[in-house]
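Novice: Spelled out from the first residue to the last, the chains are:
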Amino acid sequence: MWPIIHKLGSPKWFYTMSGRWLPFLWGIGAILITIGSLWGLAFAPADYQQGDSFRILYVHVPAAILAQSCFAMMALCSVIFLVWRIKLADMAAGAAAPFGAAMTFSALFSGAIWGVPTWGTWWVWDARLTSMLLLLFIYLGIMALRGAFASRDGGARAAAILTLVGVINLPIIKYSVVWWNTLHQGATFSLTEKPAMPASMWLPLLLMVIGFYLIFAAVTVARTRNEIIRRQPSARWVRALAQGERNGL
Amino acid sequence: MSAERAATDNTAAGLPGLWQGFSATLYRDCRLRFRRRSELANPLIFFALVVTLFPLGLSPDSTLLAEIAPGLLWVAALLAVLLSLDGLFRDDFDDGTLEQLLLAPQPAGVLVLAKIVAHWLTTGLPLALLSPLLAVMLALPGHSMGVLMLTLLVGSATLSLIGAIGAALTVGLRRGGVLLSLLILPLYAPVLIFGAGIVRLAVEGAVVTPWLALMGAMLALSLLAAPWAAGAALKLSLDG
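Protein chains in written order, with the UniProt record's numbering: chain R, 1 to 249; chain S, 1 to 240.
To be clear, the hints were calculated from the coordinates, so they are not data collected in a lab. A portion of the hints provided could be inaccurate.
What the simulated footprint calls covered on chain S by chain R, stretch by stretch (three residues with Cβ under 8 angstroms from a Cβ of chain R suffice, anywhere in the stretch; the number is not a length) [what the hints assert, rightly or not]:
{"id": "1", "region": "86-95"}
{"id": "2", "region": "169-175"}
{"id": "3", "region": "226-238"}
Computed spacing ranges between beta-carbons, pair by pair [as the list claims (entries may be wrong)]:
{"id": "4", "chain 1": "R", "residue 1": "Arg236", "chain 2": "S", "residue 2": "Gln100", "range": "38 to 46 angstroms"}
{"id": "5", "chain 1": "S", "residue 1": "Gly177", "chain 2": "R", "residue 2": "Ser234", "range": "35 to 43 angstroms"}
{"id": "6", "chain 1": "S", "residue 1": "Gly205", "chain 2": "R", "residue 2": "Gly120", "range": "30 to 38 angstroms"}
{"id": "7", "chain 1": "R", "residue 1": "Met197", "chain 2": "S", "residue 2": "Gly177", "range": "43 to 51 angstroms"}
{"id": "8", "chain 1": "R", "residue 1": "Gly120", "chain 2": "S", "residue 2": "Trp19", "range": "33 to 41 angstroms"}
{"id": "9", "chain 1": "S", "residue 1": "Thr52", "chain 2": "R", "residue 2": "Met143", "range": "32 to 40 angstroms"}
{"id": "10", "chain 1": "R", "residue 1": "Leu76", "chain 2": "S", "residue 2": "Ala217", "range": "22 to 30 angstroms"}
{"id": "11", "chain 1": "R", "residue 1": "Thr121", "chain 2": "S", "residue 2": "Leu133", "range": "33 to 41 angstroms"}
{"id": "12", "chain 1": "S", "residue 1": "Ala213", "chain 2": "R", "residue 2": "Thr121", "range": "29 to 37 angstroms"}
We treat Cβ as the ideally placed atom computed from N, Cα and C, and that holds for glycine.
The whole structure should be built from the sequences, with the hints applied where relevant.
Specialist: This is the structure in structure tokens:
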């Protein structure tokens, strides 16, 4: 067990391995999103009540799912960093934060646009909407706190603690539509039940969600790789790498 | 478990135990706070001032004021607690007391809890006691005063506990004040929602006990987690 964790936590090993995965993550993610959005926007049947306006679902739902998954991943990384002091986990958490904030904003923004034709308003102070807004503020707080510390390690640990405190918001978002009887509808996907929409509607959505996850993984891995190089520019393997690239050119 | 063992070991060695450490820190913090009477009054004056601004800014109409009074009093109390948070660890950080506190044989969480209790005794408790006076000025119906005080008593303790995490994270930063509010306000939202909601229910004459129990649950949860998180945050603030 331990050798594997230490191997996984070694920046050099991660850098070499992730270089091989990265093109696949980008490629498959891009293909899935292209197919999913073409299918969803042009070929899926229009909703019998909402007409074509429901198609914003194909951006809204993946963004909202990613906003929460990204936070869960950051919380997991924070635990790994605080307990085992694996720096790679901290780099990944730091790399994921801006993406998560962007996804939260996209979910809120697309939801506001969608709200106009369906609910007749841009914004309601509904439990689901409010808790997502709070999630956005927590993301911004984590990023601001990390940047406020003079020492990198201090900022990293502070951000990890705040992430773990903020994780309390995730179940509130998840169950807000169950606990409070709100304007926002319930979950679109669940592992145990059949979706309430026909397959021609939810299949493109599934493709979009998987595509978003792959792009999330690709962005996080790419940003983590940059962070590795930025943190140890004088490590021997990094210099050898730079030397190799220079010779290659 | 290990804390208990450490405490008994300490007592056996003639060192102060867990309870002595807690009560000594609480006593010291309370005494320090009562020696700076003007600072003690500041959150209360702020609370009263903010509440005064609303009738001036909105309208002195008493039906409108009675309608917004629960939320208004709660927001004002929340902001008063937020403003007082920066002083929770600041002086001890500046004069080095905090390092001694964390070097003490008692676990950091217990000593931090003592500091939080002292903060609540001098901020949240007086705010809750003052609130009926301001509620009368906002024409809040008399039968909901007791519930208002109760929610503020329980809620402000939760606010002090959650706020301690933010204060501990930002105490080492030179300009931590604005950052502190950015970190803490999103976490304060549930307390505000329940606190103000319960008072509104009480105004309408509904049963509030289940909601009060939920507020108590929030207090219990933060009591369990916040002192330890704040202790860990203080350690990293001292490391640099």
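Novice: So which of those numbered hints doesn't the model satisfy?
Specialist: 1 and 8
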